[in-house]
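S.K.: Work the whole structure out from these sequences, hints included.
In case you want the letters, here they are:
Number of protein chains: 2
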Amino acid sequence: MPEPLVYAFDHDHPEPPMARKDLLGGKGANLAEMTSVLGLPVPPGFTITTEACRAALAGGWPDGLALQVDEHVDRLERTMGRTLGAGDDPLLVSVRSGAKFSMPGMMDTILNLGLNDDSVEALARATDDERFALDSYRRFIQMYGKIVLGVPGEEFDRRFEGARDLAGAATDHEVPPEVLSLVIDRFKAVVEDHTGEAFPQEPAAQLRGAIDAVFRSWQSPRAVTYRRREHLPDDLGTAVNVQAMVFGNRDDESGTGVGFTRDPATGDQGSFGDFLVNAQGEDVVAGIRATQPLHEMGERWPDLYDELQRIFEALERHYRDMCDTEFTVEQGKLWMLQTRVGKRTGRAALRLAVSMVDDPAIELTHAEAIQRVSADHLDQVLHPQFEQVDHTVLTKGLAASPGAAVGKVYFDADEAVEAAHDGEDVILVRQETSPEDVHGMEVAQGVLTSRGGLVSHAAVVARGWGKPAVCGAEQIVVGEDHFRVGDTVVRKGDVVSIDGTTGEVVLGAMHLTRGETPDEFDTVLAWADEARGDGLGVRANADNAEDAARARDNGAEGIGLCRTEHMFLGDRLPVVRRMILAATPDDEDEALEELRRVQREDFEGILAAMDGLPVTVRLLDPPLHEFLPDVEELAVKDARVGLSDEEAELLAAARSWEEANPMLGTRGVRLGVLKDGLYRMQVRALLEAAARRRAAGGRPIVEIMIPLVVAEAELALARSWVEEELAGAAGEGVAEGDVRIGTMIETPRAALCADEIANQADFFSFGTNDLTQMTFGFSRDDVEGRLMERYLERGLLAGDPFDSIDRDGVGGLVGLAVERARSVKPDLKMGVCGEHGGDPASIALFHRLGLDYVSCSPFRVPIARLEAARSVLAARAGD
Amino acid sequence: MPEPLVYAFDHDHPEPPMARKDLLGGKGANLAEMTSVLGLPVPPGFTITTEACRAALAGGWPDGLALQVDEHVDRLERTMGRTLGAGDDPLLVSVRSGAKFSMPGMMDTILNLGLNDDSVEALARATDDERFALDSYRRFIQMYGKIVLGVPGEEFDRRFEGARDLAGAATDHEVPPEVLSLVIDRFKAVVEDHTGEAFPQEPAAQLRGAIDAVFRSWQSPRAVTYRRREHLPDDLGTAVNVQAMVFGNRDDESGTGVGFTRDPATGDQGSFGDFLVNAQGEDVVAGIRATQPLHEMGERWPDLYDELQRIFEALERHYRDMCDTEFTVEQGKLWMLQTRVGKRTGRAALRLAVSMVDDPAIELTHAEAIQRVSADHLDQVLHPQFEQVDHTVLTKGLAASPGAAVGKVYFDADEAVEAAHDGEDVILVRQETSPEDVHGMEVAQGVLTSRGGLVSHAAVVARGWGKPAVCGAEQIVVGEDHFRVGDTVVRKGDVVSIDGTTGEVVLGAMHLTRGETPDEFDTVLAWADEARGDGLGVRANADNAEDAARARDNGAEGIGLCRTEHMFLGDRLPVVRRMILAATPDDEDEALEELRRVQREDFEGILAAMDGLPVTVRLLDPPLHEFLPDVEELAVKDARVGLSDEEAELLAAARSWEEANPMLGTRGVRLGVLKDGLYRMQVRALLEAAARRRAAGGRPIVEIMIPLVVAEAELALARSWVEEELAGAAGEGVAEGDVRIGTMIETPRAALCADEIANQADFFSFGTNDLTQMTFGFSRDDVEGRLMERYLERGLLAGDPFDSIDRDGVGGLVGLAVERARSVKPDLKMGVCGEHGGDPASIALFHRLGLDYVSCSPFRVPIARLEAARSVLAARAGD
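Sequence order for the protein chains is A and B.
As numbered in the numbering used here, residues 15 to 893 make up the first sequence, in order.
As numbered in the numbering used here, residues 15 to 893 make up the second sequence, in order.
Misleading hints may appear alongside valid ones.
Just a few of them, taken from the derived set where beta-carbon distance is under 10 Å, the chain B residues facing chain A [stated by the list, open to error]:
no., residue
1, F146
2, P637
3, P676
4, L678
5, L731
6, T761
7, A765
8, C767
9, T789
10, G791
11, Y805
12, S818
13, D820
14, L827
15, L842
If you want the ones that stay clear, here's a sample from chain B, every Cβ over 10 Å from chain A, calculated [claimed, not checked]:
no., residue
16, D373
17, D393
18, A523
19, E646
20, E760
21, D822
22, G823
Per the computed footprint, the stretches of chain A lying under chain B, defined by three or more beta-carbons under 8 Å from a beta-carbon of chain B, are [to be verified]:
no., region
23, 635 to 649
24, 718 to 727
25, 763 to 769
26, 783 to 789
27, 798 to 809
28, 841 to 853
Since the hints were made in silico from the structure, they are not lab data.
Where is the CB? At the ideal position from N, CA and C, for every residue including glycine.
M.R.: Quick look at the structure:
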């Protein structure tokens, strides 16, 4: 016998309904769970399965579906003692879509199905409320016409507006019955005009049309786009729920409400919600009437309130989680319309997770508690956010570095520093930032730029410092002492608020949440570390001692990427330029010596902060022209006022190092090959720092990492430099095992030839940013923004591959590299240091591919610890 | 019993010596072949195997080697009836290296080994020529000292110069015995100074030292570099040949010569060579005395000459090829010193291949004949070359487009056009070229630039047109009406010659070979096509009707890449700019309409030229800023003199389309996604052109190719545009099967996801240029030149991956893509259209990977046909 295509909510399910979510959809499974397992008062009804939907979409209604629907309608009529859309007290039903995953892109609810020209009169009589009956019919035609019959909603809206105006009614409720009758006639005519057929009067035909519309809504462009964006499969189909209507707006012994079993904002014990007397669900949501807090229901209807509390307790015990419910009271009888596990804030998620471990009715395991907290939850508690939900957004830019900030705008780094010294909170506003603005960024509460993408200087530096930033806010025109958005002018000293989590810019000062972590934060992370064990390590990307210390505080188990280019900026920039411009080898050596001395201090500080933990240092990576001034700027200055000798020299050097595609040019180990003195200098500085740490009783663990390798011979050459320096003076005082030599895997060729390259490497670190750029041929600087938006909009990519690693392409390449490398060196240590190291979905993939650790910004270390634990748990569950 | 480590030339080899080249080396195998198989008069000797060399390099002389060498010396002494370096008529030997492959980087010959203070006197007595004996000894010490003992050659050269001066001798031969005695004493002292030991007098010790030196020479830096460059394996080792000396300078009945069995320059029948009476081999090479043509030997020594001719015939019959020989006559006795298959010019290679098929003594098969002709041979006959070998090179640039040209230099495209109209031959000289110089390049005999690499505008355009070009000649400073190289000034109208095959620039007019193909060219290519069958197709890259016609003449079986960007240049550029600057959709449409009309004509011409054959058209690929002026130039102009409104608008547009890494930016299908009107316009123009060809009775086969795809959804979207246009007005008159839709595979991701992308494709074309750029992270514009040179010099890469495809990385990725695509569509047609399509080694790899065709410049089509045939034959032989 084939599986049924329709299940009643109270059907004797062969397994718990929630285990059959894929067949019944989330909503249907929850309704069946409440009805058949918990025995709660749920208006009866039935669910048409996702399988029926799939079959119907493929080739029309499957055999038996029409018959089974009819049988279930009959049964429903018998249970209710009423007839669908007929008789003295006609049965009305709602029809709702319900897929396995919640999908806002799909069909809305259709209410009051069963009303027609006859049953509307019966309803009026039965409820003794003509206006209510007519208005219900009016709403039904409008909803059904729009959703099922495809009449543009505007056709109804416009006419009802007119009727309300005509009746001089301030709200829908005030439109009198006689006008509603006219509206109904007009609506039916509109339907006939558009469809060529009269509005269906037959309840069975209405139902069949509504079910079909739900099926079709699975394929609607909005639903398809939503699935693309959320990476949901296209072949699941949706279930359809048909349920007897109950009316909270029948009289003053009726009402409706929404309730949470605990406070979803704080996680506090005790139910939480709103209710409205004599109202329907949409009235609560629409906000036309002021709702009452749920506890006041206890005063009005103490018995019903107690019943609801008992139901809440039962739900929590059953779902072992905080639940979100919708309920209706009809003439003194409580009905549960819907339940699901409730959404919550980050703070609540942490508190709920911890308190439910201790709750004897729930007894969550630590593993379960970890699964209840997501990266977004942690993000919320880690960074300040706007407290007010309602606010007027002046303009939006890219969400470049999370967190919100408030301050007076300054347009110049020096002025920003001055203002900050005077105790002002500062937002630094620039068209874009450069290394020369860094001191201004350092003192600012947040950074706002009008140009540049998610990898612009401003964005990268701000993220590194955990400072809020909104970048590339293109509507902003930045002047010398003001900026302009359309007609609005914001002058130096004016206050703005920015939210780097959403990209919003707001005029004036918003209240901010504090961004302090609740006590439960550490508890949950400790459980996460316990669960993670040695399954997947978490390191941080940090370039200086301060960041290294912060990373360690946040639980990092080492540094996965210490970029050395920041050691070439600021007050070192003139020395770096001297090195580049050096006319003789002696001049070059002198500049290198000077750099070596300062870099040694830098390294010593970092090694001290990470004592006993590995510190992976990447030798200089960016192309040299990044340390030289802009060619066009100098050329224009030359044309305008002429250049000094030094400037002319800088211009010539900048021209000679200028490249057509710097991303694919002379950088990384290629620089080392052209100027091996530069790399040797860095190695010497590192070894000397390690020796000093040893001498001071420390335990330095240095991993020297060569960037942009494409071939084994390159790494062999770079390795020989390090080994020569180790054998020389710089290596004195360095203990056996203090130094390992490895490489970034960040070009597709390095990944493809990972077996050869592994011969020369003590470790690998995947640089998935560059690997993504080269695998896609996407320059982040160029494609982020207009092009990427268009691609995501049109569903050409499943997601932005710089946010979350591209599973099939880049991920496949990483997998292939891991496999090839391990075929040569089974124990080779491999990690990832691209920004993907802080992204939940990417972390899970890296774990599946067999990497040993991820490395991310110090500020994302807690999130990575949590996600790593979740990956390990998920993998274990999959075993 | 272990294999012997030493083989006498007349050893009874278990298989033909030439089959054991890997053991005996090329020279040793040929000597054994002549001795033991052909029974020719070869001075006796023996070969120490490559295996002995490998063992010696790994851990000193292997067991038994010393003994076996001793035994073979004994045998040699018995055969000759003389003793090595002793007795009245001392036996002397030569010691030569000889690897499996000819390797100029290795040890030179050591002659006269066995001479010492005693045997030199015996030699003087035996030959009755004291000067000869002393000079032989002097040369021996000098050679041995330098090569075996590592004394700097300059130490000897300087002193011998002094002695010659002292003796007032014009040539070495005139230095009298008494001075030679002094020189010998001095040389021995020099050796002792440098090595701390006396010059070895013991012949056995001399021999051992020489053998060791040959072994070591395998590892010399020059040899290692040579092997790297020629992609030869490092682990073969070299053989060592020890051979009894014979003296062509003993008396007037002695002599020496080199002879070819046919003319190596023309391939003409009849022997060819030079000889010298009373001389040693080096005298022939040194050019101190004028040699006599070989046929004059017939007058002097008719019997010996006849014997030599019979030997030549035997060699040709045996080797089935033209041979190159060295011989010596000692006191009326002819000795063959060496033979090998002779090097030849392209013209000779063709003639020899064809004539040896007809030669009853040789009877080459067609397959063998094809293997005798290489790509270099065809290149030589296809392009003019300098006729004179001796010429003074003014400067060298990159060999950007093959062939030589002579003309008057012009520095401006308009002036070049004028001069060409007046009938002058023109060489266009520019710092670099841009689309605005194209009309000047068109009329020029050749192009010379001082900047830009092998993918600069000048290089790419010149190669496409088959026009000689030397690019990036960095020593040249280009002025307005002259150029300068150091102190040399070349003014407008002065004549220069350039050779785009070598990169040479010569002052004045060189004579050029005509670059006409001999009759045998077509014969050999017809055989190649026959051998190739349908094993590997050959198409051409052609962008206009003229090139398409030329490609077809050259045997192309279709167009594998028709770039459409050239259709946007020249007089279309203003229209293209109007499209880019368009303020309204209408303005944009109008510009697109105008472009559609002209492109339709372009396409019609190309389809007509390739009627009945597939034409693969790539929709617009380059980023839009390539059609806009240079930002810096305009910005400087703005600063200097201000801009017109139009220029200001162009500057703004150029800025908005400017990209940090254009190679990885908004180009290819990404442009289509942003501006689908552009792609649709091209598709319409193409479909209309196809319909017109149909209406005219033609048979158009259009393959529409989408560039830079990274994901299936991109291709699906582009496919939908084409299909919509096909279903619309533009598709009327296009027959079923006239149009196929496919994609370039040129990003690593497209290769990795080839199985998904194949779902949307009727064909694939691998763009190995871009694939190489992205797989390595090498921007050709940036890494070719300084960086690539350094990489090749240091052996970091086996070769320039843009010349010949990188087998492991990029090749591996192509292989993976082929496999994945065929797993979904076993019959998917796949080809390659990068410049590798014309490279011999790459063609062989593409064939092995299972591609269906290669596509290359029209001028390389014959070469590709030949190489494709060779690949097919090689694969068949490997079966």
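S.K.: A separate judgement is required for each hint: does it hold in the structure or not?
M.R.: To see whether the hints hold, each was checked on the structure:
no. : hint       : verdict
1   : F146       : violated (51 Å)
2   : P637       : holds (9 Å)
3   : P676       : holds (7 Å)
4   : L678       : holds (4 Å)
5   : L731       : holds (7 Å)
6   : T761       : holds (4 Å)
7   : A765       : holds (9 Å)
8   : C767       : holds (6 Å)
9   : T789       : holds (5 Å)
10  : G791       : holds (4 Å)
11  : Y805       : holds (7 Å)
12  : S818       : violated (15 Å)
13  : D820       : holds (7 Å)
14  : L827       : holds (6 Å)
15  : L842       : violated (19 Å)
16  : D373       : holds (47 Å)
17  : D393       : holds (29 Å)
18  : A523       : holds (36 Å)
19  : E646       : violated (5 Å)
20  : E760       : violated (8 Å)
21  : D822       : violated (6 Å)
22  : G823       : violated (4 Å)
23  : 635 to 649 : holds (count 3)
24  : 718 to 727 : holds (count 4)
25  : 763 to 769 : holds (count 3)
26  : 783 to 789 : holds (count 4)
27  : 798 to 809 : holds (count 6)
28  : 841 to 853 : violated (count 0)
Violated hints, in rising order: 1, 12, 15, 19, 20, 21, 22, 28; the structure is consistent with all others.
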